[in-house]
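Visitor: Top line first, the protein sequences correspond to chains A and B. Residues 723 to 1462 in our numbering are what the first sequence spells out, letter by letter. Residues 169 to 290 in our numbering are what the second sequence spells out, letter by letter.
In short, the hints are calculated from the structure, not lab data. Mixed in with the good hints, there may be bad ones.
[As the list claims (entries may be wrong)] Calculated pairs, BS3-like style, for lysine-lysine (alpha carbon to alpha carbon, straight line, at most 30 Å):
#1 A:K1171 with A:K1042
#2 A:K1407 with A:K1451
#3 A:K1203 with A:K814
#4 B:K217 with A:K807
#5 A:K764 with A:K807
#6 A:K1300 with A:K1388
#7 A:K908 with B:K203
#8 A:K815 with A:K1130
#9 A:K1437 with A:K1407
#10 A:K962 with B:K225
#11 A:K1002 with B:K216
#12 A:K815 with B:K179
#13 A:K1099 with A:K1130
#14 A:K807 with B:K216
#15 A:K1383 with A:K1450
#16 A:K1300 with A:K1167
#17 A:K1066 with B:K179
#18 A:K1167 with A:K1438
#19 A:K1388 with A:K1433
#20 A:K1203 with A:K1130
#21 A:K1002 with A:K807
#22 A:K1129 with A:K815
#23 A:K1042 with A:K1175
#24 A:K1358 with A:K1407
#25 A:K807 with B:K179
#26 B:K179 with A:K814
#27 A:K1175 with A:K1129
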Amino acid sequence: MTQTSVVGDIFVIHDPDDELVVPLQNGATIDEIMAYNYLREKFGDDYDFVTFIVDNESGLPNVGHGSTIIYNDIAGIGVTVGYDKRFQYGSKKLLRTTLHSKGYDFNEPFFMDIRTLMHEIGHCWCFHICNSVPEGSLLSLLHEDWPYNPTQKTYHWGRWADNANSCMDYDEAEWVDLGNEQFNRKFYGSDPDGGEADWCGFCPLDLYLMGLIPASEVSAMTVVRDPVPSISDSFAGPYKPSPSAIHIDPADIVANEGNRNPGYMDSQRVFHEAWILITKDLKPQNFFDQLNIYRRTHARHFRRANGGRAIIDTSLLRVKTFSQEDYRELYFRDSELSGDIYGKSSEYFWDSPDLWVRNSDEGDNPTHIHQTPIPGKSNWIYASVNNAGGPPYNNVTVNIYLANWDKKFLPSTEFLYPVDWNPNGLIGSVTNIQATPGTVVPPGKTIVKVEWKADKITEAVACSHPCLLAEIIPMEVEPSKLHHVFENRKLAQRNLTIIDPDNKPPGGSQPAEPQPFMFAYEFMIGNRLRTERTTQLQLREVQGSDNLHLFLDTAGLVEGLSEEAEVIEADIPLAPGKVPSSVSGILGIEASEELDAALIAKSGDSLGRLSGITLGIPANTEIGILASPKETLGSKTLRIRFCEDTRIELGYRTQDSILTKKYGLKGLKPVIFNGVPLLRITDFKNVSLNLTLNPGQTPTLRLIGIVSSRKDHGKKTVYDITESLDGKKSIGGLRLQVNL
Amino acid sequence: MNYVRDAAFIKAMVRFLPYDGVIGVGFGPKLKKGKIMRSDAIVVLVTKKLKEEEVPKDQQIPQFYEGFPVDVQVPTLTITKPQEKKIRMALETEYEWIDWGKIHRIHQIQQSIAVDLGKEPK
């Protein structure tokens, strides 16, 4: 009698009487539809992939490894569009099923190897291209040579192509170009411990087919055709292609298959995979402990192998229809002040109250106030998982990341999931969380913490105040394409930078009296995946002070700024090419009347340029004033001398300045401060400007702040910097807090 | 995209999958004695190859279909012997085009026959 159970996130079918076994003339296999129905009855139909692990050691058939297409609607990957067998499973979601035998394999210390798991999932997109081109044609070389089972040739890379670390071949090797038409061959498949798992992944052409990068990021494929001597795993090289290596232009592949559709901006990025163990035995707990570790390792490697561009969640998704638990009721809030009942807010989503830093381990009951990380010691990142469901939810994982790991962890406005929740920025994970039950109001709260180790908090990291990103696993099923934090309950971001002159690193000295200071806060705008060109940058004052003066350095994105600028000078460490920055990000300055005078903004907007011509007048130019044209210049002629280079405008006042018209400046006034072109913030209630970015451009801007008086010492000022594409709905934001 | 092949493949699925013993229809190489003769064939996967006279006339599979050669193959779904060769992927089985709905129906028929024979249904 077949029985089912759940251990961790493994769905177990105990089949002592071979109920699922289908004898065939050439062996036997498993009725995977019957097995899937058992899963669907308990855990629904929200899975893109279902992996069946058949315990052949318990006496079930040895089904080897394999996978089957269930559905395809992707054009340009060599698979028939419209192929659809979902109805057989009663599914609306399945893409592919995979079968793996447990324990049959040579060399493997435990289950099947990680590479093979990734390989079978990879068949969803790879490597079916050019599988019906004529033998011997240029594109057919991608599948050459093929000394293995010939039925598998058209779904895999051959040995000749340099497909780097792709797991979508059989040879587990890569070519190393030595120059002079010679190549070495690095073979990874001999590692008995499955160590190649860390090496194998997806090559750029694989990633294109998966819908994760554009074709323009795929370089020409080198094919080491007919190498001499013949390929051997025990011979590293050199090999010489005969007569020469061939380079296949990816454009030829795209021309043969057509463009991938959907492209990388609209492709699926979030996948769900269920694991089903079918066994005749009753297994001990440590068996399942290992299998659950294996499951999580598989998910981690898939994410690593595609560079964090897509994720697979291997959780079983408990929903109220089938159980008391409901993964959809686990969430992070975006805001305490606005949003829906789950605290999700498209108005304020960059400063989640459920994610914060404490400078020391405060146990399970930490102070719920975000602190600036302190370098040189461990800090702790806390997250609060909300559960609006009645019963506790088990096996929850929280992963915490620093954003922009490849850009010195600079804070930035817009983040897209899953790309920016990149495994290279992973600070830590908490697994096996039991989320405390609750109701919609109030939800249960489970606080977890991750140690942010000292060696990962350099002073630069601490001072740049990197954005914190978090995710809850199980992940939402939708949205499954690139999306923002406010579209997904399982995501949180904390983009809060605190500028605090009194918060010195350990060992730093504190002046007796609070001293005026200035700072330069660097932040990025744009996103590497953004294609829209125009963005509106806004600054909102949440809590301000007359003693804080802010200037925006637009990194050259506002052209012609100096032509309309008011010139101001003050004795502060600001000069062209020397915008201040220090280890602490804060510089003390001297108070002076000159500085106070410079910081008083002249009322009104910029005067703008006059509509006529501009004359440049070099220094020492003199204009003599004569009573009539008949007079000649002499020593008694009244003269006007221009002691400095200057310019004069002739024309009429227009309603708006050219800059105001071109960039939609509001609340901003151009200044040249100590020779540095900046935009002074003159109206904190309404600050915005329109900027044009190239696709993928992520420029670094600066907000320069000057606190000339510490009269408000102890007061906190708060500003939100946001980006929107249509001038209305924000797509990104960050918060700056300056402690006066 | 190979629209002609894809159209032929879809038609072949509709036509051949209902045949007894057919457990999958796909496309891939046409093989002869283990060697690839054509790369663009309609592949019909069967549980067992039969002689022509053993197959009902209305279920016979033609050599060509919609202009593509047809290759009838018995897929490897079960590994019967431990593999000595140290290439993990050599153990990949041929599931790509298996029609699990057909396997499921075969299984149901097997179970109903077992009931008819008075055996304990599995």
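Visitor: Now tell me, hint by hint, if it's right for this structure.
Guide: Tested hints:
no.: 1; hint: A:K1171 with A:K1042; result: 28 Å, holds
no.: 2; hint: A:K1407 with A:K1451; result: 18 Å, holds
no.: 3; hint: A:K1203 with A:K814; result: 17 Å, holds
no.: 4; hint: B:K217 with A:K807; result: 25 Å, holds
no.: 5; hint: A:K764 with A:K807; result: 21 Å, holds
no.: 6; hint: A:K1300 with A:K1388; result: 27 Å, holds
no.: 7; hint: A:K908 with B:K203; result: 28 Å, holds
no.: 8; hint: A:K815 with A:K1130; result: 39 Å, violated
no.: 9; hint: A:K1437 with A:K1407; result: 19 Å, holds
no.: 10; hint: A:K962 with B:K225; result: 54 Å, violated
no.: 11; hint: A:K1002 with B:K216; result: 28 Å, holds
no.: 12; hint: A:K815 with B:K179; result: 24 Å, holds
no.: 13; hint: A:K1099 with A:K1130; result: 19 Å, holds
no.: 14; hint: A:K807 with B:K216; result: 23 Å, holds
no.: 15; hint: A:K1383 with A:K1450; result: 19 Å, holds
no.: 16; hint: A:K1300 with A:K1167; result: 47 Å, violated
no.: 17; hint: A:K1066 with B:K179; result: 48 Å, violated
no.: 18; hint: A:K1167 with A:K1438; result: 28 Å, holds
no.: 19; hint: A:K1388 with A:K1433; result: 28 Å, holds
no.: 20; hint: A:K1203 with A:K1130; result: 27 Å, holds
no.: 21; hint: A:K1002 with A:K807; result: 29 Å, holds
no.: 22; hint: A:K1129 with A:K815; result: 37 Å, violated
no.: 23; hint: A:K1042 with A:K1175; result: 39 Å, violated
no.: 24; hint: A:K1358 with A:K1407; result: 56 Å, violated
no.: 25; hint: A:K807 with B:K179; result: 15 Å, holds
no.: 26; hint: B:K179 with A:K814; result: 23 Å, holds
no.: 27; hint: A:K1175 with A:K1129; result: 20 Å, holds
When each numbered hint is compared with the structure, violations occur for hints 8, 10, 16, 17, 22, 23 and 24.
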